[in-house]
Amino acid sequence: MLTELEQQALWISLQVAGSALAIIVVPGILVAWLLARHEFPGKALLDGIVHLPLVLPPVVVGYLLLVVMGRRGVIGSWLLETFGISLPFTWQGAALAGGVMAFPLLVRAVRLSLEAVDPKLEAAARTLGATRLRVFITITLPLALPGVITGGVLAFARALSEFGATITFASNIPGETRTLPLALYSTIQTPGMEGAAARLCAISVAVAMASLVVSEWLARRTRRRMAGRDTGL
Amino acid sequence: MLTELEQQALWISLQVAGSALAIIVVPGILVAWLLARHEFPGKALLDGIVHLPLVLPPVVVGYLLLVVMGRRGVIGSWLLETFGISLPFTWQGAALAGGVMAFPLLVRAVRLSLEAVDPKLEAAARTLGATRLRVFITITLPLALPGVITGGVLAFARALSEFGATITFASNIPGETRTLPLALYSTIQTPGMEGAAARLCAISVAVAMASLVVSEWLARRTRRRMAGRDTGL
Amino acid sequence: ADSVDVYAAASLTDVMNALVEQYEENHDVDLVPVYASSSTLARQIGEGAPADVYLSANVKWMDWLQDQGGVVVSQRHNLLRNRLALIAPDDTDIPSFTPDAEHPLVDYLEDGERVSVGDPAHVPAGIYAKQAFESTGQWQTLEPRLARGSDVRAALALVERGETPLGVVYATDAQASDGVKQLGLFPADSHDPIIYPAALIGEHPGDAAGAFLDWLSSDAARETFEQYGFEMAND
Amino acid sequence: MLELRIDHRQGDFHLDVDIRAPEQGVTALFGHSGSGKTSLLRMLAGLDRPDDGHIRLGERTYVDTRQRLFVPPHRRRLGVVFQEARLFPHYRVRGNLTYARRLTGGEAFDRVVSLLGIEPLLARMPDALSGGEARRVAIGRALLAEPDMLLLDEPLTGLDGARKRELLDYILRLTREIELPILFISHDTQELMAIAERLVLLDSGRVVADGELDELLGRAELAPWLGGFEASTPISARVEAHDERYHATRLALDDGQLMTLPRIDHAPGERVRLRIRRRDVALAREMPSQSSFRNRLRATVEQLDDGEPGMVEVSLRLAGQRLLSRITLEASEALALSPGDDVIALIRSASLAGSAG
Amino acid sequence: MLELRIDHRQGDFHLDVDIRAPEQGVTALFGHSGSGKTSLLRMLAGLDRPDDGHIRLGERTYVDTRQRLFVPPHRRRLGVVFQEARLFPHYRVRGNLTYARRLTGGEAFDRVVSLLGIEPLLARMPDALSGGEARRVAIGRALLAEPDMLLLDEPLTGLDGARKRELLDYILRLTREIELPILFISHDTQELMAIAERLVLLDSGRVVADGELDELLGRAELAPWLGGFEASTPISARVEAHDERYHATRLALDDGQLMTLPRIDHAPGERVRLRIRRRDVALAREMPSQSSFRNRLRATVEQLDDGEPGMVEVSLRLAGQRLLSRITLEASEALALSPGDDVIALIRSASLAGSAG
Ligand SMILES: Nc1ncnc2c1ncn2[C@@H]1O[C@H](COP(=O)(O)OP(=O)(O)OP(=O)(O)O)[C@@H](O)[C@H]1O
Ligand SMILES: Nc1ncnc2c1ncn2[C@@H]1O[C@H](COP(=O)(O)OP(=O)(O)OP(=O)(O)O)[C@@H](O)[C@H]1O
Ligand code: MOO
Ligand SMILES: [Mg+2]
Ligand SMILES: [Mg+2]
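Chains as they are written, first to last, in the working numbering: chain A, 1 to 233; chain B, 234 to 466; chain C, 467 to 701; chain D, 702 to 1058; chain E, 1059 to 1415.
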């Protein structure tokens, strides 16, 4: 049904978006927690940095990534020297680009949900001997789960559709970094390839819908578990 | 301090992102409400359509917009014949593109907050004689305000940074649709213009930060108003 | 004053900005340059974008536009030529050479290093590069070692940043960038001629648009084009 | 007439009731925790739909599952006070009180606010209220909606004694003056004794008994549920005179015997109803001399029943009415009581404070 | 010793207390709604920081603002039952109960669960609980944390009478058997009478009185706050014997006089303390014959005080202890009581149910 190229792009896309989500989920939750429940110097700065990838055109983010994480970049050169790791032109690099672009969406959604958790319950947990950390893990985070799920979907979808930063930082290498959006872009730029473009478009949409359905199902389960009275009104 | 071109791009960006936010905020809240609190046939489909702009590469969305809203498009041709309105290649078109791209972010955040509103309070309001609509306007929506604000910031920031869909659908017309990201693109296309690019980059970031600060302040005000005990824990 | 919308390929951004300024000094006309990739511009014009003049970075998209019903293309002619250049970061150790069949590029690549090009699937500069590699018999070896950028500028950036030791861009790009060194030009016969066609768009193109298009072939314009590294096509 | 026929399942719990109550006065819902009181109230308020059944208040049918009729909560005009306060956290106290937009100011508003003692709180946000303060605001919010019926789910918990009595008085006046019917859920037997005329006794979702409170309290088989009430008997009498010196009121029973109780506010000639707690009625064979008992009433033993272990419930006939006395088995044997005996019922006047209504 | 010295403002409200209570038994916090009870409890639990002051429990200092010392709530080992249930909505009842992870199963767990009658609810989510069920789970959660002290903020509201009594008994046993000190907030005077030894009376954030409950109840100037209590006097006696036939227990006072009350669970020889309500003590000049009074105790009038209008509070000396009786002014004059008179105190055995502790 799918051509080999399509399969390849699909597979890379899933791998890249999945990895992107995996690498940002813990830091994302952590940063969201910091922003939601703590006051510290530099908070506004952190908040700003988190939002950067959202407000800059993706190509610019990709370029900045190249500046920082490229082989001559501050972090990139260190990575290369210390571990022999070079991220540009690799699918890991594409995942990084996707993760960076998706990060603010994840943080925002999680933060929103964390802020909505009733501090009364956290207080009750404290009196039961739970440390701040245990309260966070056992009370705050589970109650914010809908936000984590929403944030996760947004992030996954964003990483899945990421184009500008990816192509700039990780290039468009077939079999390595050519994700669905990159493949789609190539076809759309070629006269007469509208059919192939439509197919790729359909595949992207299908993947996104699937992830959506899964997330809805997860979210519904969480909610149903807690649902009591007054939910059907 | 700013060159004329920068001022122009800044002004267009604000106008476009502001308009984008303005046109999606009411439908966004409405759709979020539908998705959060109602079951109806086609709900999954609506959910999917809302997310489309998030999962497709922006250029593709711009292209689809061109196909649908262009002067030969289904809606575009109708608009042109009936009202003499043509959206592509106008700042209104850029606002449309920004709005479409930002829509899923707005809906997701608002929906998340709506779902977190305690249905017990809605039930109480119903017993006090409030219709569903009044309950939504006086109870649900105000309590979901943090989500509306977050959604608004995300949407505004997304519209502000929108590039792919805009350049494809609205083109890169100076004084009309050349927003900051498009201006940035034009300079970046030119080797040796890194200085100008950096300036535009800085302006984008500054605008985004400013909108962030405003939104944080708004959100904080809402929260502080309701804050009672157990908030400082 | 009349206003003329000039849709120009993104690779013409800097030279066109200079030309617009130059032209507006002596003419009572308002030039509006619109930059995007040739393909985006072609599709937009196809959808009725208010273009008066279209400058494409390759022949293909001008052909495509002419094939579309509903858009009238007139006074089409080849305006400019460009050359394909091999570049390296400006601190490179590699001496200048001509990238022909005698000098396969793999010899200059370490393990894992790549050559950055525009995506040969659709970026015109990439397509020319592919042709050049094919005609010099190194496509098979180089294909898996390419770093494909979304446009020429991206390919250039990768070299500027030292991510790749080699890159293939237009000679004009190589000249404009401070961060790269031009190692050599691909032989002109190793790929299709790099031609920038120009044309008037629309059923009734205004006089001002026609005048501007004519002026682009004038000596005054030629000087500026050449200053930016272009050659006039003159046909 | 309030008619509730409901057959409904939620989880393991099965609510299956058929209740008919007059559309006036206070009807109490009583029963163990988890017996279905709140569930019933929610159906009446329109917050849950019964699987099957109908609900009618007077002319109006709120629910009839057979006819697929369901009046949404906001068109039922019922004032609900929930078990939790459920204040709107984003409105000030004033905004909460006036949410229903019926009484938003003026005399009636001021009266409710001052009765509840919440004037100083009007500009506060609900999260800065104490538990009892929040509860008072919730009561005020329901009252100010000017409902056709009040549904109160343990409304007075968390209030101090004085405030509780004031509110009970006010609620009583509401039912009388504006004939507002009230459904009242409470675990507090004293509260119910003071306010409820009728009682619906629920157990595991079923109605165990339904009727006049006084009548139910007299039924021995209901003791497992109503044992917590300080069982009492209503006695009707006429105000004879007030004794200002002793701050006392004399009542005459129908047979002319006199009773004394602490001063009450009823005019001479008015009939009043006393609730006399069983455990306050002692019995003697002979009229004791020189004791502090002001009330020494001649009565006849009608019946003796076993009560809790070691206790006997004695039914007496007193001036054509029934009076119950609870004495120990030991005392009963010592007095050798048997039906038909004449006895003296000794009731301390001090124990009758607040028993008239 | 529990030491609370707090000076704290929240909004218009100023909490300014200095309390010293023994580190054992039940200390009740009593006061009108909004008097600062919950605020005080929150400081003790570590949920608020006082602007100024210190809090010590035994050896440990929880807060000392001068030394910038603040022990966070999770290291205080206090079991808190909040005014609202505050169950964790995402854990089942079992998960809520075992959240503190101290007692998660075994005998102690089973005992608490069965005492609270929540076995059938263990697998439920909290939102599907009734009001009283949720409250019981909240109490269980605090008990199972095995705290060093219990802080209970109106823990028994919403519970039915029988369950309430069981829980009170259990709490009493906790304080005795494992010497768990308890701070108990309640508006229910009967509850407090049954459980509290000491009482801290708050008004507008200030301590009005602080001492033994019995002592405070005897102080006339506290009547505005404590009027709602059914004033009573504690009497200490020794269990003499049980009478199984009459389901009664005989107690001996120190002077050898005997009393009878419904069967209690104390072994012969044990000393018990009875609370005798003033209004249950009638007086006579002569020993009445043939009455249902099982308790006819010889006592001496010590003092006569005016009580509420029309009432007299009589202090009696009984077997070396003080017993208070409330009679009407009329009765007092009819008996012509004056200090030094010998009288018979008549106390119905039926009225003494549940008075021993
Ligand atoms: N965050 C706050 N801001 C301002 N005032 C507050 C705040 N929280 C509580 N108060 C006020 O402090 C006072 C004491 O409250 P607290 O909750 O301690 O009362 P309480 O004695 O527990 O009353 P209740 O019996 O009604 O629960 C109340 O008048 C209350 O309105
Ligand atoms: N959503 C639900 N799912 C399953 N069972 C429920 C649900 N809601 C309530 N119940 C059960 O229904 C029964 C009746 O609950 P209800 O709230 O009516 O009790 P109640 O009489 O008001 O008790 P209380 O005095 O404790 O408030 C309880 O056993 C409760 O556990
Ligand atoms: O922007 Mo172009 O069409 O790659 O020269
Ligand atoms: Mg209930
Ligand atoms: Mg309180």
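Since the hints were made in silico from the structure, they are not lab data.
Predicted model, so just to flag it, every value in this text is computed and none were measured.
No residue lacks a Cβ here, since even glycine has one placed at the ideal position from N, Cα and C.
Errors might be hidden in some of the hints.
Said to hold, decoys possible - Calculated lysine to aspartate or glutamate pairs in the EDC-like style (CA-CA distance at most 20 Å, straight line):
| # | chain 1 | residue 1 | chain 2 | residue 2 |
| --- | --- | --- | --- | --- |
| 1 | A | K120 | E | E1142 |
| 2 | C | K647 | C | E600 |
| 3 | B | K353 | A | E194 |
| 4 | A | K120 | E | E1273 |
| 5 | C | K526 | A | E194 |
| 6 | A | K120 | B | E427 |
| 7 | C | K647 | C | E689 |
Said to hold, decoys possible - Far from chain C, by Cβ distances over 12 Å, these chain A residues were calculated:
| # | residue |
| --- | --- |
| 8 | R72 |
| 9 | F89 |
| 10 | G195 |
Results for each hint:
1. A:K120 <-> E:E1142: 10 Å, holds
2. C:K647 <-> C:E600: 24 Å, violated
3. B:K353 <-> A:E194: Given that 20 Å is the threshold and the Cα spacing comes to 52 Å, the pair is violated.
4. A:K120 <-> E:E1273: With Cα atoms ~37 Å apart, A:K120 and E:E1273 exceed 20 Å; violated.
5. C:K526 <-> A:E194: Roughly 16 Å between the alpha carbons, so the hint for C:K526 and A:E194 holds.
6. A:K120 <-> B:E427: The hint is violated at about 52 Å.
7. C:K647 <-> C:E689: 24 Å, violated
8. R72: 5 Å, violated
9. F89: 6 Å, violated
10. G195: Holds: least Cβ distance 15 Å, greater than 12 Å.
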